[in-house]
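Engineer: Order-wise, the sequence lines are chains A, B and C.
Numbered according to my numbering, the first sequence spans residues 1 to 217.
Numbered according to my numbering, the second sequence spans residues 1 to 227.
Numbered according to my numbering, the third sequence spans residues 1 to 96.
It is possible that part of the hints are untrue.
[Unchecked claim] Looking from chain A toward chain C, a few residues come up when the C-beta cut is under 8 Å (computed):
no., residue
1, 3
2, 6
3, 95
4, 191
5, 197
6, 199
7, 206
8, 212
For the record, the hints were derived by calculation from the structure and aren't laboratory data.
Note that the structure is predicted; figures quoted are calculated from it, not measured.
For each residue, glycine too, the CB sits at the ideal point set by N, CA and C.
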Amino acid sequence: MPKWFTPAAALCGLMFAVSPLLIANAPFESTMGMVQKISYYHMPSAWIFLIAAIVCGVASVRYLFRGTISQDRLAAAAAELVVLFGALALVTGPLWARKAWGVWWQWDVRLTSSLMGWMVAVAYILVRKYGGPGSDKLAAGLALFGMANVPFIYISVNYWRTIHPKTTVIPKLPLEMGVPFWFCVVAFLLLFMLLLRLRVRLEEQRARVDALYLSLD
Amino acid sequence: MSRFFRVAWLVLRKDLTVEMRSLEIVSTSLFFAVSCVLFFAVAFVQDGRALDGAAAGILWIAVAFAGTLALGRTFERERQAETLRALLLAPADRPAIYVGKLFGIVALLVVTEIILLPLIAYLFQAPLFAHPLWMAAILLGGTIGYCAVGTLFAAMLVRARSRDVLLPILLYPIAIPVIIAGVRATATLVEPEFDVVLARFWLSLMAAYDVVFVTLALWSFEPLMTD
Amino acid sequence: MMTSLRRVAPLVALVGLLAGAAVAVAQPAQPPRQMDEFVPIDELPQQEQIPAANLLIPAYAFVWVAVLVYVVSIARRLNGVQREVERLEADIKARK
Numbered sequence: 001m002p003k004w005f006t007p008a009a010a011l012c013g014l015m016f017a018v019s020p021l022l023i024a025n026a027p028f029e030s031t032m033g034m035v036q037k038i039s040y041y042h043m044p045s046a047w048i049f050l051i052a053a054i055v056c057g058v059a060s061v062r063y064l065f066r067g068t069i070s071q072d073r074l075a076a077a078a079a080e081l082v083v084l085f086g087a088l089a090l091v092t093g094p095l096w097a098r099k100a101w102g103v104w105w106q107w108d109v110r111l112t113s114s115l116m117g118w119m120v121a122v123a124y125i126l127v128r129k130y131g132g133p134g135s136d137k138l139a140a141g142l143a144l145f146g147m148a149n150v151p152f153i154y155i156s157v158n159y160w161r162t163i164h165p166k167t168t169v170i171p172k173l174p175l176e177m178g179v180p181f182w183f184c185v186v187a188f189l190l191l192f193m194l195l196l197r198l199r200v201r202l203e204e205q206r207a208r209v210d211a212l213y214l215s216l217d
Numbered sequence: 001m002s003r004f005f006r007v008a009w010l011v012l013r014k015d016l017t018v019e020m021r022s023l024e025i026v027s028t029s030l031f032f033a034v035s036c037v038l039f040f041a042v043a044f045v046q047d048g049r050a051l052d053g054a055a056a057g058i059l060w061i062a063v064a065f066a067g068t069l070a071l072g073r074t075f076e077r078e079r080q081a082e083t084l085r086a087l088l089l090a091p092a093d094r095p096a097i098y099v100g101k102l103f104g105i106v107a108l109l110v111v112t113e114i115i116l117l118p119l120i121a122y123l124f125q126a127p128l129f130a131h132p133l134w135m136a137a138i139l140l141g142g143t144i145g146y147c148a149v150g151t152l153f154a155a156m157l158v159r160a161r162s163r164d165v166l167l168p169i170l171l172y173p174i175a176i177p178v179i180i181a182g183v184r185a186t187a188t189l190v191e192p193e194f195d196v197v198l199a200r201f202w203l204s205l206m207a208a209y210d211v212v213f214v215t216l217a218l219w220s221f222e223p224l225m226t227d
Numbered sequence: 001m002m003t004s005l006r007r008v009a010p011l012v013a014l015v016g017l018l019a020g021a022a023v024a025v026a027q028p029a030q031p032p033r034q035m036d037e038f039v040p041i042d043e044l045p046q047q048e049q050i051p052a053a054n055l056l057i058p059a060y061a062f063v064w065v066a067v068l069v070y071v072v073s074i075a076r077r078l079n080g081v082q083r084e085v086e087r088l089e090a091d092i093k094a095r096k
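Required output: the full structure, derived from the provided sequences and hints.
Structural biologist: Right under this line is the structure:
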C-alpha cells in the first residue's frame, strides 16, 4: 500500500468520530428542524455516489476502447463504491423525506435518477459476478450506456415532477452550518479515496493470484 | 456506404427468412405478451373497467417483456450453430451486422405490436387508434430505442454463462427512459383531450434517445464483440 | 469507413444529448405540483408529528454500520487473497 494510506486512514477515522459533535452543535434549520441534520451525511454520500459513478463510467470507456487492464480494475472498484454510497444516500434520503415531505419516497427526478444509477451499478456487479468469461467487457458496455442514460432519465422525470431541494442551498449555507457540512464532505471524500485504493488493491491481488496459478502449471 | 447497407440488408433478410419459415419468435413472444396482458387485466380492472391510463402502461410493459423474449431467442438461435461467430468472421463491417440484426428484431416486435395494439384497445376500452399516425410513430420510436440497446446486449451475452438472466438485468435499467417516454406519450393519446405539445415533447425525447443509443451501439459494437 | 464512423460517433451522441436537453429546455415545464402543495410541518395535526430523533438516529446508524460492514468485508477479502498469494508463492518456491 502507498505511504499515505495509514495516516490518511487514521485522519479519516478521526474525522468521522468528530463529525457527530460538530453536527450536534450546528443550528437547526427553520422549517425542517432537527431532521434536516441528516443532510450532513446525506449530501456528501450523494456527491460521492455521483463521483464514484463518473469514475466507473470513465474508467469503463477507457478500458473498452484502449484495453487497459488497470482501468478495468478501477471501474470494478468504483462500481462497488457506487453501490455503497448510493445505498447510504438512498437510505438516509427517505428517512429525511418521511418527516420533511410526509412520505418515504417520491418519484421525483433526483430520487428516480439516483435509483436508476444505483441499479445500473448493481447490474454491473451482478454481470461481473455471474457473467462468466468476457463479463468485464460486458460490464464496461453497461457502464458506458448507463452514463449516457443519466441525462435522459433526468429530463424525462424532471418534466413531470420535482420537489427535491436544489443544490443552490449549499453556497448560501450560514457559517455555523457550512463548517460541519464541508467537514463531512471532506471526511466522505477521504473515505472514498481510501476505500477505492483498498478495493483496487484487492483486484490487483486477485490478478496476482491468477498469474501465480498460471505460473504453477 | 452502399456496401454497409447491403451487408445490413443481407443479415436482415436472412433473419426474416428463418423467421418466416418457423414463425417461432413471433408466435412465442406474441403469446407471452398476451399472457402478460391477461395478468394486467386481473390486476387493473375493477368493476369491469380498467384504471385510467392503465392501457398505456400495459402496452409498454407487454412490449418490453415480449421484446426480451424475442431478443434472447434470436441470439440463442445464432448460438446453437455457432453462426454468430461465422457472421462475425465474415469480411463485413461489424456495425452493419448490428444494424441488420437490429432491424430484424424491430420488424418482429412491430408484427407483435400490430396484433397486441387492437387487443389492448378493446380489452381496456382505450382509444389507442384515435391518432393512428402518432401511435405508429410512438410505437416505432420506442421499439427502435428499446431494441437498439437490447440487440447490443443480447449479442454481447451470447458467450456469457447465464445469459437468460443477465439480459433483463442489463437491459431494463438502461431502457427506463424510453419506456417512460413511451408510456407518457401513449397516455397523452388516451386522454380525452389530445395535448399535441406534450406528445411532441415525449416523441422528440424518444427520437433523441434513439439517435444517441444507436450511435453508441454502432460505436461500441466492435470493441464489445472482439474477444 | 469504420474509423471515420468511430471518430464521428461520440460527436453524434453528444449532439443528440444536447438536442434532448434543448427539447427539454424549449418545452414549457409544467409547474411542479408538489412544490405548490408542500405543507409546512407545524401545520400538520398533532398526532401526525413524527419525532425527528426516530429518523435521525437510524440514518446515522445506517451510515456507520454500512461503512463498517463494507470495510470489514474488504479486509476479509483482502486477507483471504493475501493468504492465497503467500501459499502459492511458497508452493512455487518449494517446487524449485
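Engineer: Each hint needs a verdict: does it hold in this structure or not?
Structural biologist: Status of each hint after checking the structure:
Annotation: residue 3 (chain A) was flagged as interfacial toward chain C, and the flag is violated, the nearest CB pair being 18 Å apart, outside 8 Å. Annotation: interface hint on residue 6 (chain A) violated; nearest CB of chain C at approximately 14 Å, more than 8 Å. Interface hint at residue 95 (chain A): satisfied, since its Cβ lies 4 Å from the closest Cβ of chain C, which is below the 8 Å cut-off. For residue 191 (chain A), the interface hint holds, since its Cβ comes within 8 Å of a Cβ in chain C; the closest pair sits about 7 Å apart.
About 10 Å separates the beta-carbon of residue 197 (chain A) from the nearest beta-carbon of chain C, more than 8 Å, and the hint is not met. Because the smallest distance between the Cβ of residue 199 (chain A) and any Cβ of chain C comes to about 6 Å, under 8 Å, the interface hint for this residue holds. Satisfaction of the interface hint for residue 206 (chain A) is found here, the shortest Cβ-Cβ separation to chain C being roughly 6 Å, below the 8 Å cut-off. Annotation: interface hint on residue 212 (chain A) holds; nearest CB of chain C at approximately 4 Å, less than 8 Å.
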